[in-house]
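Number of protein chains: 2
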Amino acid sequence: MKLPERVIINEVSLRDGLQNEPRVVPTEYKILLAGALAGCGITRIELSSFVNPKLVPQMADAEDLWSRVDRQKGVLYSALILNERGLDRAIKSHVPFVGIYVSASEAHSRKNSNMSVSEAKSEAVKLIKKAKGAGLIVRAGVMNAFGCAYEGHVDIAKVLDIIESFLPGGIDELCLADSSGLANPLQIKDRIREARKLSGNLDISLHLHNTRGLGLANLFAALEEGIAIFDTSLGGLGGCPFIKGAKGNISTEDTVYMLSEMGLETGISLPELIRAANDFEPKLGREFSSFISRLGEC
Amino acid sequence: MKLPERVIINEVSLRDGLQNEPRVVPTEYKILLAGALAGCGITRIELSSFVNPKLVPQMADAEDLWSRVDRQKGVLYSALILNERGLDRAIKSHVPFVGIYVSASEAHSRKNSNMSVSEAKSEAVKLIKKAKGAGLIVRAGVMNAFGCAYEGHVDIAKVLDIIESFLPGGIDELCLADSSGLANPLQIKDRIREARKLSGNLDISLHLHNTRGLGLANLFAALEEGIAIFDTSLGGLGGCPFIKGAKGNISTEDTVYMLSEMGLETGISLPELIRAANDFEPKLGREFSSFISRLGEC
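The listed protein sequences derive, respectively, from chains V and B. Those letters in the first sequence? Residues -18 to 279, by this note's numbering. Those letters in the second sequence? Residues -18 to 279, by this note's numbering.
No lab work stands behind these hints: they were computed from the structure. Among the hints, erroneous ones may be present.
Copies of one chain are not kept apart here, so a pair can be met inside one copy or by any two copies together.
As the list claims (entries may be wrong) - SDA-like cross-link-like pairs, simulated, lysine to any residue; straight-line CA separation at most 25 Å:
#  : residue 1 : residue 2
1  : K178      : M243
2  : K(-17)    : H134
3  : K139      : M243
4  : K170      : E206
5  : K170      : E242
6  : K(-17)    : A176
7  : K170      : L(-16)
8  : K(-17)    : I173
9  : K(-17)    : G128
10 : K110      : I185
11 : K107      : A130
12 : K139      : E242
13 : K264      : D136
14 : K(-17)    : D136
15 : K139      : S241
What you are looking at is a predicted structure, and each value in this text was computed from that prediction instead of being measured.
The following block holds chain V by itself, in its conformation from the complex (with noise of 0.2 Å):
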């Protein structure tokens, strides 16, 4: 298969990037930051989720910094939403795209949502209804499609029941998650071949972890398989903060490098995400994961 000419990037250090981070992240940093990706080219920014504040207290400032931000033109700008609550926060605060996940794994499930893996699948549907009904446009995804960190393998009946019962609904895109980074390329071709079975036409976007190192890897299976939105994070941000070298969602540099060298369009300055990176990082004060922002020190 031809590789797609052009690739969106949705950038997501805002939200999966720092919602573990240790240090909540003044709302100040976060505005520069949408500014600066938004400045480099970017056109999709998730900039929070609206969930528990007492439970992921980073996102805490969600209305606040909605609020804020300057919407750049030609930018869309999202948000994760968990609930019906974190839905009316998100249609109050004006957001014009949302993502509602349902994890593929039960243990996960109940950790993440508190609900069985079924109990999470009917209230994706009953959000997805009421945000289309309000207008919204809506990425509905399957988090550990490729595997769990605390189930291990995840069988691709679960997660194309999942994707049954998205589909009625009406939803713009589809995204297939490998939140644990357990993903390997031959296994990125076959679910998706297996989703698009289902899904037809519909948009699939693939949101990679680099957590083993195969995060690129994964990335080219997939756009051999004509996947062409991604998720990404700047200095690869996100993962677990705490460990030395542990690493998050592929970077958004690095991702940028890989599909400029192979001559794929993003319209995204590699130059001017390499200095927002730099920027960025003792800021956050967290060491980036990145490989080509830290290239110029050698």
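Chain V is already provided as a structure; the job is to place chain B on it using the hints.
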């Protein structure tokens, strides 16, 4: 194309991995490491190079190492040579398998061998002839076959020209080396196809660096082209040791992990490999850059 079912790992940590380390590693450690690697099920070990000990002090113990290492049955040990003096030393040390390389970059050729590409090519042809005449197994390789840290783009015509000069010598294997870590997956595929047009059924091996984080993506692309021999280095050793975060060769343990997750056989025990990495990291006094060997900490 179907992926190869069985993949050969050519372990280069003792040569490419160590050659730039500022601290000379005692021969005793090298012997222990060679033993540990063979114990993991690795069947090819590049033990050293025979080069000028004044220029590469880390390799000054080549004769000592070759005479003292316990050569395991079923393991093919090799050495890199740059010139006739090195080949003579290798033959005297009963080295069964040598690697002979020419850089496709003029600037790198001068730095690495003090010869132009054309001179290095003639020298390599002579070396191949002599090595084959002495009954050795010969790998001939093209360094910087995908780009050069000094020159940037390297024309494919230069690479093919070097390959053509190797072939009449009856080499046993052709190696394409991404010495500067500049390859991308599409280029890997293109250049393998071009090389194969000349080399036919000759085994092609790939030497990949992970300088820009694309190592395993490149490996996957090469597997899709049917490549089944890869150079890897324990802990991702290699590259620039003075720079924090600078990455070297693709890591043996991450590669074996990826291959095993995809169901490709290597005959290598991943748990033993991780144990070896954790044993040798403190001995070598350098932080490893592999992902899999540090996941246990999380």
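A quick look at each hint next to the structure:
1. K178 to M243: The answer is between: 22 Å across copies meets 25 Å, while 28 Å in one copy does not.
2. K(-17) to H134: between (30 Å within a copy, 24 Å between copies)
3. K139 to M243: between (34 Å within a copy, 20 Å between copies)
4. K170 to E206: both (6 Å within a copy, 16 Å between copies)
5. K170 to E242: both (22 Å within a copy, 14 Å between copies)
6. K(-17) to A176: both (19 Å within a copy, 22 Å between copies)
7. K170 to L(-16): both (13 Å within a copy, 13 Å between copies)
8. K(-17) to I173: both (15 Å within a copy, 18 Å between copies)
9. K(-17) to G128: For K(-17) and G128, only the inter-copy Cα distance (24 Å) is at most 25 Å; the intra-copy one is 27 Å.
10. K110 to I185: Answer is within: at 19 Å inside a copy they meet the 25 Å cutoff, but 54 Å across does not.
11. K107 to A130: neither (28 Å within a copy, 54 Å between copies)
12. K139 to E242: Between. Shortest inter-copy distance 20 Å satisfies the 25 Å Cα cut-off; intra-copy 36 Å does not.
13. K264 to D136: neither (41 Å within a copy, 42 Å between copies)
14. K(-17) to D136: between (29 Å within a copy, 24 Å between copies)
15. K139 to S241: Between copies, since 24 Å is at most 25 Å while 35 Å is not.
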